[in-house]
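Trainee: The primary structure of each chain is shown beneath.
Number of protein chains: 2
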Amino acid sequence: MARPYNFSPGPATLPEPVLAQAAAAEMLDWHDATGRPSGMGVMEMSHRGREFGEIFARTEARLRELLAVPAEFKILFMQGGALAENAIVPLNLSQGGVTDHVITGAWSLRTHQEALRYSEARVVASNVAASSANHTTMPAPASRQLSDDASYVHVCSNETIHGVELHELPDLRSLGSDAPLVIDGSSHIASRAIVDWSRLGLAYAGAQKNIGPAGLTLAFVREDLLGRALRICPVAFNYAVVASHGSMYNTPPTYAIYIAGLVFEWIAAQGGVAAIEQRNIAKAALLYGAIDGSGGFYVDRVAPDCRSRMNVPFFLRDDALGAPFLEAATARGLLQLEGHKSVGGLRASLYNAMPLEGVQALVSCMREFAARHG
Amino acid sequence: MARPYNFSPGPATLPEPVLAQAAAAEMLDWHDATGRPSGMGVMEMSHRGREFGEIFARTEARLRELLAVPAEFKILFMQGGALAENAIVPLNLSQGGVTDHVITGAWSLRTHQEALRYSEARVVASNVAASSANHTTMPAPASRQLSDDASYVHVCSNETIHGVELHELPDLRSLGSDAPLVIDGSSHIASRAIVDWSRLGLAYAGAQKNIGPAGLTLAFVREDLLGRALRICPVAFNYAVVASHGSMYNTPPTYAIYIAGLVFEWIAAQGGVAAIEQRNIAKAALLYGAIDGSGGFYVDRVAPDCRSRMNVPFFLRDDALGAPFLEAATARGLLQLEGHKSVGGLRASLYNAMPLEGVQALVSCMREFAARHG
Chain A
1 MARPYNFSPG
11 PATLPEPVLA
21 QAAAAEMLDW
31 HDATGRPSGM
41 GVMEMSHRGR
51 EFGEIFARTE
61 ARLRELLAVP
71 AEFKILFMQG
81 GALAENAIVP
91 LNLSQGGVTD
101 HVITGAWSLR
111 THQEALRYSE
121 ARVVASNVAA
131 SSANHTTMPA
141 PASRQLSDDA
151 SYVHVCSNET
161 IHGVELHELP
171 DLRSLGSDAP
181 LVIDGSSHIA
191 SRAIVDWSRL
201 GLAYAGAQKN
211 IGPAGLTLAF
221 VREDLLGRAL
231 RICPVAFNYA
241 VVASHGSMYN
251 TPPTYAIYIA
261 GLVFEWIAAQ
271 GGVAAIEQRN
281 IAKAALLYGA
291 IDGSGGFYVD
301 RVAPDCRSRM
311 NVPFFLRDDA
321 LGAPFLEAAT
331 ARGLLQLEGH
341 KSVGGLRASL
351 YNAMPLEGVQ
361 ALVSCMREFA
371 ARHG
Chain B
1001 MARPYNFSPG
1011 PATLPEPVLA
1021 QAAAAEMLDW
1031 HDATGRPSGM
1041 GVMEMSHRGR
1051 EFGEIFARTE
1061 ARLRELLAVP
1071 AEFKILFMQG
1081 GALAENAIVP
1091 LNLSQGGVTD
1101 HVITGAWSLR
1111 THQEALRYSE
1121 ARVVASNVAA
1131 SSANHTTMPA
1141 PASRQLSDDA
1151 SYVHVCSNET
1161 IHGVELHELP
1171 DLRSLGSDAP
1181 LVIDGSSHIA
1191 SRAIVDWSRL
1201 GLAYAGAQKN
1211 IGPAGLTLAF
1221 VREDLLGRAL
1231 RICPVAFNYA
1241 VVASHGSMYN
1251 TPPTYAIYIA
1261 GLVFEWIAAQ
1271 GGVAAIEQRN
1281 IAKAALLYGA
1291 IDGSGGFYVD
1301 RVAPDCRSRM
1311 NVPFFLRDDA
1321 LGAPFLEAAT
1331 ARGLLQLEGH
1341 KSVGGLRASL
1351 YNAMPLEGVQ
1361 ALVSCMREFA
1371 ARHG
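Chains A and B supply the protein sequences, listed in that same order.
Residues in the first sequence are numbered from 1 upward in steps of one, following the working numbering.
Residues in the second sequence are numbered from 1001 upward in steps of one, following the working numbering.
This is chain A alone, in the form it adopts within the complex:
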């Protein structure tokens, strides 16, 4: 049987060649760039040894190149996912003062809740709305809403559960604010062409969508923001400490970093992030087109200008057809299409590693199902 298509929101499908390479000789005996065997699998290597040092350096350099990360940003390899960063960010940046938050869905709501432990966390814009219109638009912060004294402004640039995506980073300076912009980019990192780093102070992302295995978190921190941590910040999560130890103050999740490195090589081999983005645009257009062209059999509630390319929550006009749809999809090797329990309906995640063929198969399944039940 061909490999099924896995539409999981994360942990999520990975490129087949990445898994094949990890599974082959490298699991038991990793070879360095010159082909010299190490006699160890990557999981078994000391993080301070020459071999892992080579893996780490190559991974970081490739990531910096793929996302064109400027030299003034440190790349930190951390643990705990975006949920832990919800605390780690204010512990490092808030200085106990005001933080501004844009609410766009379930993840930014949690970010705001957690920031209240460490700062005066204000909501400066929100897309909360009644019933089915909840979290279906992308609110833009206006200058009059931003706090004069905010230590940062937080935005979740892609909401995995509600499927809204920010297609351009806000320019806080043009809104009269000097506050650094902080982005939770977990579910669309590396899916789009060059990020506008000049607008950013900090970006973070859990790895388990577009990067690799769960348990690795990436943080991109502008150097001038280091060294502001509260005394109550755990040392293992102090950005300045992590940065000055090259992400090895505590033992990093070495195997997850290795897999991330293989994914970065795969992205490069696909033509880089710009080429990946073109494919992501095509994949999303195909699926949204099928939903919008279904005569109302399938329904998308998100405003067209902020629909996510990565996470597509949608509904059947007749909710009772949900279970039969999932059954039909699974029978065709289309996996993990259940909607999030807080939203219901269906959800297809179209991360980088989802091939166009997977979306074609989904769309064809949707059309047949609609023809049978419409």
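Mixed in with the good hints there might be a few duds.
Unchecked claim - Pairwise CB distance ranges (calculated): (1) A:Ala71 with B:Gly1053: 40 to 48 Å; (2) A:Arg3 with B:Ala1303: 52 to 60 Å; (3) A:Ile232 with B:Lys1341: 27 to 35 Å; (4) A:Ala33 with B:Ala1275: 36 to 44 Å.
As the list claims (entries may be wrong) - With a straight-line cut-off of 20 Å between C-alpha atoms, the simulated DMTMM-like cross-links for lysine to aspartate or glutamate are: (5) B:Lys1341 with B:Asp1319; (6) B:Lys1341 with A:Glu51; (7) A:Lys341 with A:Glu357; (8) A:Lys74 with A:Asp224; (9) B:Lys1074 with B:Asp1196; (10) A:Lys341 with B:Glu1051.
What the hints assert, rightly or not - Some residues of chain A that are not near chain B, with every Cβ distance over 10 Å (derived): (11) Asp29; (12) Phe237; (13) Gly344.
FYI, nobody ran anything at the bench for these hints, they're computed from the structure.
The structure displayed is predicted, hence computed values, not measured ones.
Ideal Cβ positions, reconstructed from N, Cα and C, are used throughout, including at glycine.
Got chain A; can you put chain B on it based on the hints?
Mentor: Leaving out everything else, chain B in the frame of chain A:
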């Protein structure tokens, strides 16, 4: 060439059959207990799906069985390693009051330092000493030293860097204390027969020694200690929240948990922890015997009654022979024997997955080297 023996202090050698199983069909297509293919590798599975649910439940049950963990202890699968737990423990248990600390080496020193952020952290016993006697004994806390009002007493039961091991847990009740005992067992968990859980309130361990890949932390928490967290405890690291969500409040490090599960199966197949302990005793006796019987060519500074079975730091009488020794060892497939930079000399870590044959090969290399250079 035969697989080399890897004496790394962690991340460390893993059982070859574990890596082989993970590398084979399972990397791309995990099969459930009935042999049904899932169509996904473990890294790609939603942590909330049926398949990973099966892996998780089996892993936890096997661990509970192997270590005879009583029902009143919750087993939490977390992230950040022991260094993060140094903050997470006082954030969860100290209530901002007094915590008692036994200092036995580099790791317990750091634990005490970090606890000072959140509690009045006192040193109640210590093996700090001048020069080469530093951290070479195991101090026992006496009742007169324990604080009346401590929220817990912390001990590192095996010091990975200094090689001292606690061979019996202290019985705080017999010392007149009701405080829960908290153990950092990172580097000897699952290496010894049944832990005396009745003396324990909390044990935690980074996985990267005896359990599996770096990036997974295990915490065993007695239920009555849940719910005491400070308001500044990040929700992702709040034991009560992690426990009530079955370790899935944030996305857990799923692949590391899967590998840990394979390691637990391997331990069970070896006859369980009691059988593993007998092998560990034999391995340690062989190496310590070779050091002590070398006529002073090799030197062990740790007091015999508290020598670690897992981590054996030792020295050459002539320090200048260190580099040639490491070269000779590497040439014979004996890897990662450098001592920690803060201690110098050599160090052999003899975790569960190190076979007796590896220690025999090391001892034979040591004897030959001594004969040549003695």
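Trainee: Taking the hints in turn, state whether each one holds.
Mentor: For each hint, the structure was consulted:
1. A:Ala71 with B:Gly1053: 40 to 48 Å: Check passed, 44 Å falls within 40 to 48 Å.
2. A:Arg3 with B:Ala1303: 52 to 60 Å: holds (57 Å)
3. A:Ile232 with B:Lys1341: 27 to 35 Å: Holds - the Cβ-Cβ distance for isoleucine 232 of chain A and lysine 1341 of chain B, about 30 Å, lies within 27 to 35 Å.
4. A:Ala33 with B:Ala1275: 36 to 44 Å: holds (41 Å)
5. B:Lys1341 with B:Asp1319: holds (14 Å)
6. B:Lys1341 with A:Glu51: This hinted pair holds, its Cα atoms lying about 18 Å apart.
7. A:Lys341 with A:Glu357: violated (27 Å)
8. A:Lys74 with A:Asp224: With a Cα-Cα distance of about 10 Å, the restraint between lysine 74 of chain A and aspartate 224 of chain A holds, given a limit of 20 Å.
9. B:Lys1074 with B:Asp1196: holds (16 Å)
10. A:Lys341 with B:Glu1051: Measuring from Cα to Cα gives roughly 18 Å; hence the hint holds.
11. Asp29: For aspartate 29 of chain A, whose nearest Cβ neighbour in chain B is about 7 Å away, the distance does not exceed 10 Å, so it is violated.
12. Phe237: Not fine: 7 Å to the nearest Cβ puts phenylalanine 237 of chain A too close to chain B.
13. Gly344: For glycine 344 of chain A, whose nearest Cβ neighbour in chain B is about 15 Å away, the distance exceeds 10 Å, so it holds.
Taken one by one, the earlier hints fail for this structure at numbers 7, 11, 12, listed in ascending order.
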